[in-house]
Amino acid sequence: MANDSNYMRTTARQVRHLGSAKSGTHHVWHMRLTSYALLPLTIAFVWIVVSLVGKDYNTVRTALGSPAIAITMLLFLLTGIYHMMLGMQTVIEDYVHGEVAKTFSLMANTFFSICVGLACVYAVLRLSFT
Amino acid sequence: MAEAKTRPVSPEARRPLSPHLQIYRPMLTMMMSILHRITGVALYAGTLLLAWWLVAAATDARAFDTATGVLTSFLGRIVLFGFTWSLFHHLMGGIRHFIWDTGRGMDHPEREYLAQATWIGGVALTIIVWVVAYTLR
Chain A
494 MANDSNYMRT
504 TARQVRHLGS
514 AKSGTHHVWH
524 MRLTSYALLP
534 LTIAFVWIVV
544 SLVGKDYNTV
554 RTALGSPAIA
564 ITMLLFLLTG
574 IYHMMLGMQT
584 VIEDYVHGEV
594 AKTFSLMANT
604 FFSICVGLAC
614 VYAVLRLSFT
Chain B
7 MAEAKTRPVS
17 PEARRPLSPH
27 LQIYRPMLTM
37 MMSILHRITG
47 VALYAGTLLL
57 AWWLVAAATD
67 ARAFDTATGV
77 LTSFLGRIVL
87 FGFTWSLFHH
97 LMGGIRHFIW
107 DTGRGMDHPE
117 REYLAQATWI
127 GGVALTIIVW
137 VVAYTLR
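Same order as they appear, the protein sequences are chains A and B.
Here our numbering is used: the first residue of the first sequence is 494, the next is one more, and so on.
Here our numbering is used: the first residue of the second sequence is 7, the next is one more, and so on.
Source of the hints: derived by calculation from the structure; they are not laboratory data.
Be careful, since some hints might not be right.
As the list claims (entries may be wrong) - Sample of chain A residues facing chain B (criterion: CB under 8 angstroms; computed from the structure): (1) Arg525; (2) Thr535; (3) Val543; (4) Ile574; (5) Gly580; (6) Met581; (7) Cys613; (8) Val617.
What the hints assert, rightly or not - Pair by pair, the computed Cβ-Cβ distance ranges are: (9) Leu567/A - Phe87/B: 25 to 31 angstroms; (10) Tyr529/A - Met36/B: 23 to 29 angstroms; (11) Met112/B - Leu567/A: 34 to 40 angstroms; (12) Arg31/B - Pro533/A: 33 to 39 angstroms.
Ideal placement from N, C-alpha and C gives every residue a C-beta, glycine not left out.
Chain A on its own, in the form it takes in the complex (with noise of 0.2 angstroms):
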């Protein structure tokens, strides 16, 4: 039918009264969400980086090993990585059009963001348990 050259239906028109796809709020949501989580979680990260400024390692270490420390670390990574990936979904829809370079950025955004997301919690982690 819709190959036929005299259909004249836009897109629109076949997929009316099918019902949205209930996901079209999830990622204004989810931004608004990290990014009021974020602004406690990013103060009490300017924190302890301005606290450990000009420590020696050994201090360092302790420090981020320190349970309220990580914590708080891994709170502000994973809200912010999860962030920031969302973001830059919004700039690469916005900016890039052609379909296959837009699929592999949005690709690509996921990736570096879960790769790095992945090795900042497995630091900390590893400064909690060593």
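Assemble the complex: chain A is given as a structure, and chain B must be docked to it using the hints.
Chain B alone, transformed into the frame defined by chain A:
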């Protein structure tokens, strides 16, 4: 190809287009919107430095000294200063969004005040944190 060149321009092609970035007079609210995105992308790249620092701390003293050596070099400090500013500018932009979430601050003089508070707050917090860091060091 030749006939395409001689084809008269259709009325659709001659229709006025809505003005794009290069047509607009630069406005502070517009600059803050662009800077919010630029600082966000900068922070995205900056996570590599954070990951490097954390992984180096988790590796051994030598790796940690190499990382801190590079990060506290002259060039490293400039990058970290930019990182700090990006973080605080983006944070202030986020607070502006929180105010907008309540439906406030979108009308005329308020949105200009918010745009000014965003960049002034970002610069001020960056300087304060660096002064504190240098004092405590």
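Status of the hints after comparison with the structure:
With a least beta-carbon distance of about 7 angstroms to chain B, the hint placing Arg525/A at the interface is held under the 8 angstroms criterion. The interface hint given for Thr535/A is met, as the beta carbon of that residue sits about 6 angstroms from the closest beta carbon of chain B, less than 8 angstroms. Annotation: Val543/A was flagged as interfacial toward chain B, and the flag holds, the nearest CB pair being 5 angstroms apart, inside 8 angstroms. Hint status for Ile574/A: holds, given a least beta-carbon distance of 7 angstroms to chain B, under 8 angstroms.
With 8 angstroms as the threshold, the beta carbon of Gly580/A comes within range of chain B, its nearest partner Cβ sitting at about 5 angstroms, so the hint holds. The closest approach between the C-beta of Met581/A and any C-beta of chain B is roughly 6 angstroms, which is under the 8 angstroms cut-off, so the hint is satisfied. Restraint check, Cys613/A versus chain B: the minimum CB separation of about 5 angstroms is within 8 angstroms; hint holds. Annotation: Val617/A was flagged as interfacial toward chain B, and the flag holds, the nearest CB pair being 6 angstroms apart, inside 8 angstroms.
Distance hint check for Leu567/A and Phe87/B: the Cβ-Cβ separation is about 26 angstroms, which falls inside the suggested range of 25 to 31 angstroms. At roughly 25 angstroms, the beta-carbon separation of Tyr529/A and Met36/B lies within the given 23 to 29 angstroms, and the hint holds. Under the hint 34 to 40 angstroms, the C-beta atoms of Met112/B and Leu567/A, about 36 angstroms apart, fit the expected range. Between Arg31/B and Pro533/A the beta carbon distance is about 38 angstroms. The supplied range of 33 to 39 angstroms therefore holds.
The earlier numbered hints are all upheld by this structure, with none contradicted.
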